[in-house]
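Asker: Line order of the protein sequences matches chains A and B.
For the first sequence, full-length UniProt numbering begins at 1 and goes up steadily by one.
For the second sequence, full-length UniProt numbering begins at 1 and goes up steadily by one.
Fair warning: there could be bad hints in the mix.
No copy labels: a pair is met if it fits in one copy or bridges any two.
PhoX-like, lysine-lysine: derived pairs with alpha carbons at most 25 Å apart [as the list claims (entries may be wrong)]: (1) Lys203 x Lys30; (2) Lys19 x Lys330; (3) Lys172 x Lys308; (4) Lys30 x Lys330; (5) Lys359 x Lys330; (6) Lys308 x Lys203; (7) Lys319 x Lys330; (8) Lys172 x Lys121; (9) Lys36 x Lys161; (10) Lys359 x Lys203; (11) Lys161 x Lys359; (12) Lys172 x Lys319; (13) Lys121 x Lys330; (14) Lys121 x Lys284; (15) Lys359 x Lys36; (16) Lys89 x Lys359; (17) Lys287 x Lys121; (18) Lys287 x Lys319; (19) Lys128 x Lys287; (20) Lys300 x Lys203; (21) Lys267 x Lys36; (22) Lys89 x Lys19; (23) Lys47 x Lys206; (24) Lys161 x Lys19; (25) Lys303 x Lys161.
No lab work stands behind these hints, which were simulated from the structure alone.
2 protein chains.
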Amino acid sequence: MNSARQINIAVIGAGGVGKCFLSQLEQLAKRRPEPKLALVYICTSKKAFYSAEYASIPLDTAISSLPSSSQTPLPLSGLADYLSATSSKTVLIDNTSSQDVAEAYPLFLSRGISIVTPNKKAFSGSYKLWQGIFSASAQSGALVYHESSVGAGLPVISTLKDLVDTGDEVTKIEGVFSGTMSFLFNSFAPTSGSGGQWSAEVKKAKELGYTEPDPRDDLNGLDVARKLTILARLAGLEVESPSSFPVQSLIPQELESVASGDEFLEKLPEFDSRMEETKAEAEKEGKVVRFVGSIDVATKQVKVGLEKFDRSHPIAALKGSDNIISFYTKRYGSNPLIIQGAGAGGEVTAMGVTSDLLKVLSQL
Amino acid sequence: MNSARQINIAVIGAGGVGKCFLSQLEQLAKRRPEPKLALVYICTSKKAFYSAEYASIPLDTAISSLPSSSQTPLPLSGLADYLSATSSKTVLIDNTSSQDVAEAYPLFLSRGISIVTPNKKAFSGSYKLWQGIFSASAQSGALVYHESSVGAGLPVISTLKDLVDTGDEVTKIEGVFSGTMSFLFNSFAPTSGSGGQWSAEVKKAKELGYTEPDPRDDLNGLDVARKLTILARLAGLEVESPSSFPVQSLIPQELESVASGDEFLEKLPEFDSRMEETKAEAEKEGKVVRFVGSIDVATKQVKVGLEKFDRSHPIAALKGSDNIISFYTKRYGSNPLIIQGAGAGGEVTAMGVTSDLLKVLSQL
Numbered sequence: 001m002n003s004a005r006q007i008n009i010a011v012i013g014a015g016g017v018g019k020c021f022l023s024q025l026e027q028l029a030k031r032r033p034e035p036k037l038a039l040v041y042i043c044t045s046k047k048a049f050y051s052a053e054y055a056s057i058p059l060d061t062a063i064s065s066l067p068s069s070s071q072t073p074l075p076l077s078g079l080a081d082y083l084s085a086t087s088s089k090t091v092l093i094d095n096t097s098s099q100d101v102a103e104a105y106p107l108f109l110s111r112g113i114s115i116v117t118p119n120k121k122a123f124s125g126s127y128k129l130w131q132g133i134f135s136a137s138a139q140s141g142a143l144v145y146h147e148s149s150v151g152a153g154l155p156v157i158s159t160l161k162d163l164v165d166t167g168d169e170v171t172k173i174e175g176v177f178s179g180t181m182s183f184l185f186n187s188f189a190p191t192s193g194s195g196g197q198w199s200a201e202v203k204k205a206k207e208l209g210y211t212e213p214d215p216r217d218d219l220n221g222l223d224v225a226r227k228l229t230i231l232a233r234l235a236g237l238e239v240e241s242p243s244s245f246p247v248q249s250l251i252p253q254e255l256e257s258v259a260s261g262d263e264f265l266e267k268l269p270e271f272d273s274r275m276e277e278t279k280a281e282a283e284k285e286g287k288v289v290r291f292v293g294s295i296d297v298a299t300k301q302v303k304v305g306l307e308k309f310d311r312s313h314p315i316a317a318l319k320g321s322d323n324i325i326s327f328y329t330k331r332y333g334s335n336p337l338i339i340q341g342a343g344a345g346g347e348v349t350a351m352g353v354t355s356d357l358l359k360v361l362s363q364l
Numbered sequence: 001m002n003s004a005r006q007i008n009i010a011v012i013g014a015g016g017v018g019k020c021f022l023s024q025l026e027q028l029a030k031r032r033p034e035p036k037l038a039l040v041y042i043c044t045s046k047k048a049f050y051s052a053e054y055a056s057i058p059l060d061t062a063i064s065s066l067p068s069s070s071q072t073p074l075p076l077s078g079l080a081d082y083l084s085a086t087s088s089k090t091v092l093i094d095n096t097s098s099q100d101v102a103e104a105y106p107l108f109l110s111r112g113i114s115i116v117t118p119n120k121k122a123f124s125g126s127y128k129l130w131q132g133i134f135s136a137s138a139q140s141g142a143l144v145y146h147e148s149s150v151g152a153g154l155p156v157i158s159t160l161k162d163l164v165d166t167g168d169e170v171t172k173i174e175g176v177f178s179g180t181m182s183f184l185f186n187s188f189a190p191t192s193g194s195g196g197q198w199s200a201e202v203k204k205a206k207e208l209g210y211t212e213p214d215p216r217d218d219l220n221g222l223d224v225a226r227k228l229t230i231l232a233r234l235a236g237l238e239v240e241s242p243s244s245f246p247v248q249s250l251i252p253q254e255l256e257s258v259a260s261g262d263e264f265l266e267k268l269p270e271f272d273s274r275m276e277e278t279k280a281e282a283e284k285e286g287k288v289v290r291f292v293g294s295i296d297v298a299t300k301q302v303k304v305g306l307e308k309f310d311r312s313h314p315i316a317a318l319k320g321s322d323n324i325i326s327f328y329t330k331r332y333g334s335n336p337l338i339i340q341g342a343g344a345g346g347e348v349t350a351m352g353v354t355s356d357l358l359k360v361l362s363q364l
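Work the whole structure out from these sequences, hints included.
Answerer: Quick look at the structure:
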């Protein structure tokens with residue numbers, strides 16, 4: 001091993017996940033001095049740090065001093081030029097949820113720059129972009145890892161890849177893929193007790209920071225549809241986009257176009273009876289209602305929406321805002337391989353990014 | 001990439017797991033022609049195939065034609081000589097549960113031979129052997145992977161390593177680590193209904209092939225203790241051996257020295273009242289009894305034995321012979337990261353071996 005080896009790291013995005021990642025990277029660099037990890041580029045949407053000499057930016061103060069930087073971000077093609085104009089191996093960490101950055105992955109990969117990201121957009125956009133990413137990676141040998149794009153740090157993507165790569169036949173994937181939806185239904189329709197009113201639970205979830213600023217961005221089901229798109233493609237289905245299969249939105253049609261999230265929350269109680277009906281219907285069968293995604297590989301059916309589950313079913317018994325993902329495969333037979341736990345949050349999302357980075361480092 | 005690159009594979013053991021692994025390797029070699037995987041050595045305890053030219057042994061007939069081979073296995077030091085006398089990178093797959101083979105890991109690793117194995121013995125033996133293995137690996141750069149040593153193909157070891165390597169603080173690990181114990185207690189003390197008689201359930205489990213030939217080899221708790229030893233060490237505890245912490249045996253003392261497994265099964269009904277008492281005690285508290293292992297990292301307490309759980313607890317709600325492993329960590333907070341599914345069986349154990357092999361191949 002070459003003891004003077006340096007790996008260059010570039011980071012786009014310094015929000016919640018970005019901050020946790022930088023802190024994990026700082027600890028990692030302390031624990032494992034070899035190979036030397038040099039942060040040579042970091043940016044938000046407005047500010048950046050980098051130098052022509054690829055000088056290592058101090059990890060502990062990089063983010064806090066960004067606002068006072070006089071540098072602005074390089075355009076993405078300029079960033080690819082900058083990062084590939086050195087003999088050091090380079091890993092780009094995309095901690096944004098930007099479509100533009102996602103669309104530049106094939107460019108970075110074709111220039112030999114490996115990518116690690118929790119950004120769902122690249123893998124759940126058009127199938128053409130998916131193919132562009134993986135063919136660029138195959139041609140250049142640059143690696144691309146995105147564990148945190150589904151279930152944050154939970155080992156979901158790696159497990160599915162292991163199943164497929166070792167030749168198992170995945171027949172079905174089913175689960176609760178949204179922390180927000182998990183929290184809402186675990187409170188609205190608990191396995192014991194009667195639960196709260198739908199609109200009140202949505203309001204509470206927003207106050208606790210479990211929803212997007214406009215809760216409709218969770219209730220439309222698109223976030224779950226994006227995750228299902230990624231898993232279905234990894235399982236071998238050519239899913240064209242997250243809108244090419246049925247996705248049930250929990251936004252009452254009448255409220256789809258109200259101006260703001262606040263107005264939406266104000267009017268939501270008028271529609272509580274609809275969700276109440278769904279809950280009662282499930283209760284009549286001794287079941288509870290949950291918002292799930294499922295992929296039936298044999299029939300190529302992907303869908304997202306409300307389903308009823310026995311109270312003893314692992315999906316019904318979920319706690320808090322946990323995710324649960326069940327893989328049904330030929331080898332595992334009637335009892336699925338199940339992964340469960342927090343599927344959102346800065347630290348656990350960053351953990352998925354950091355563990356992907358370690359996997360990339362072991363192969364560079 | 002060097003298109004003519006060949007990786008040599010040596011396999012010890014051709015039992016249940018060995019057969020499934022060879023079949024998975026054959027499929028893998030068909031799907032991924034590069035790098036060329038050459039089986040250059042395979043042996044059982046009595047027979048072997050290998051050649052001075054490292055000729056590739058046909059994967060489809062290797063095991064079935066072993067009995068008629070005129071070659072006998074090389075002694076382990078001779079095998080290390082043979083495998084390291086070529087410039088090709090080599091991976092040794094140990095599909096046995098042999099202590100002797102386990103003790104030779106430091107030798108193989110020091111000669112640059114990577115190791116993949118489901119064999120628990122090497123990682124749950126003396127702490128000195130553990131240190132010898134990982135220091136030999138660190139010095140030579142040869143890799144050692146053993147996912148299937150705990151929970152078969154379930155991503156248990158890889159997840160724990162990711163947690164530790166990314167700087168999370170694992171506070172507690174708890175779970176059902178034995179498919180046999182899982183089956184026994186899920187039938188003996190189900191979450192609904194009254195369950196069977198203890199001795200009858202043990203007899204049934206044996207008839208279904210869920211126990212070792214002598215069921216005492218499951219009931220003594222040693223298998224679980226070995227798995228706990230491995231996980232505790234990965235979590236940073238210097239556990240000396242599987243007998244250096246409390247392990248509850250479910251073998252009545254009076255039956256420990258009866259001559260055979262059959263005699264044991266014959267006499268076991270005389271002791272049913274003891275297990276019945278334990279079950280009734282749990283029921284009084286509205287709970288069920290389960291055979292679990294736990295590691296409290298802060299207090300360094302490792303233990304294996306009977307515990308009571310609420311009926312709604314994921315450990316109580318387990319099905320069939322599934323394993324469940326819960327990781328409590330600082331980042332995951334009060335709700336653990338949980339992995340659940342079949343933790344035994346030829347195909348899923350071999351799957352863990354094959355996915356480890358893929359990880360090694362990506363780094364060679």
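Asker: Each hint: holds or not?
Answerer: Hint check results:
Neither within a single protomer nor between protomers do Lys203 and Lys30 lie at most 25 Å apart by alpha-carbon distance, with minima of 43 Å and 55 Å respectively. Proximity of Lys19 to Lys330 under the C-alpha cut-off of 25 Å is restricted to the inter-copy arrangement: shortest distance 17 Å between copies versus 41 Å within a copy. In this homomeric assembly, Lys172 and Lys308 come within 25 Å of each other (Cα to Cα) only inside a single copy, at 17 Å, whereas the closest approach across copies is 33 Å. Only between protomers do Lys30 and Lys330 lie at most 25 Å apart by alpha-carbon distance; the minimum there is 20 Å, versus 43 Å within a single protomer.
When the C-alpha separation of Lys359 and Lys330 is checked against a cutoff of 25 Å, the pair qualifies only between copies, where the shortest distance is 22 Å, while the shortest distance within a copy is 28 Å. Only within a single protomer do Lys308 and Lys203 lie at most 25 Å apart by alpha-carbon distance; the minimum there is 24 Å, versus 38 Å between protomers. Taking identical chains as interchangeable, the C-alpha atoms of Lys319 and Lys330 lie at most 25 Å apart only when they sit on different chains, with a minimum of 18 Å there against 29 Å within one chain. In this assembly of identical chains, the alpha carbons of Lys172 and Lys121 lie at most 25 Å apart only when taken from the same copy (23 Å versus 35 Å across copies).
Within a single copy, Lys36 and Lys161 get their C-alpha atoms only as close as 29 Å, which misses the 25 Å cut-off; across copies the closest is 21 Å, which meets it. Proximity of Lys359 to Lys203 under the C-alpha cut-off of 25 Å is found in neither arrangement, the shortest distances being 40 Å within a copy and 46 Å between copies. When the C-alpha separation of Lys161 and Lys359 is checked against a cutoff of 25 Å, the pair qualifies both within a copy, at 14 Å, and between copies, at 12 Å. In this assembly of identical chains, the alpha carbons of Lys172 and Lys319 lie at most 25 Å apart whether taken from the same copy (23 Å) or from different copies (19 Å).
Taking CA atoms no more than 25 Å apart as the test, Lys121 paired with Lys330 passes in neither setting, with 30 Å inside one copy and 29 Å between copies. With identical chains, the CA atoms of Lys121 and Lys284 are never at most 25 Å apart, being 40 Å at best within one copy and 53 Å at best between copies. Taking identical chains as interchangeable, the C-alpha atoms of Lys359 and Lys36 lie at most 25 Å apart whether they share a chain (16 Å) or sit on different chains (23 Å). Taking the closest pair of Cα atoms, Lys89 and Lys359 come within 25 Å of each other both inside a single copy (14 Å) and across two copies (20 Å).
Taking identical chains as interchangeable, the C-alpha atoms of Lys287 and Lys121 are never at most 25 Å apart, the minima being 35 Å within one chain and 46 Å between chains. Taking CA atoms no more than 25 Å apart as the test, Lys287 paired with Lys319 passes in both settings, with 16 Å inside one copy and 19 Å between copies. Taking the shortest alpha-carbon separations for Lys128 and Lys287, neither the intra-copy value of 41 Å nor the inter-copy value of 53 Å comes in at or below 25 Å. For the homomeric pair Lys300 and Lys203, neither the shortest alpha-carbon distance inside one copy (36 Å) nor that between copies (43 Å) is at most 25 Å.
Proximity of Lys267 and Lys36 under a CA criterion of 25 Å is satisfied in neither setting, with 55 Å inside one chain copy and 64 Å between copies. Proximity of Lys89 and Lys19 under a CA criterion of 25 Å is satisfied intra-copy only: 23 Å inside one chain copy versus 40 Å between copies. With identical chains, the CA atoms of Lys47 and Lys206 are never at most 25 Å apart, being 30 Å at best within one copy and 67 Å at best between copies. Proximity of Lys161 and Lys19 under a CA criterion of 25 Å is satisfied inter-copy only: 23 Å between copies versus 28 Å inside one chain copy.
For a Cα distance limit of 25 Å, the shortest separation of Lys303 from Lys161 inside one copy, 21 Å, qualifies, whereas the shortest one across copies, 34 Å, does not.
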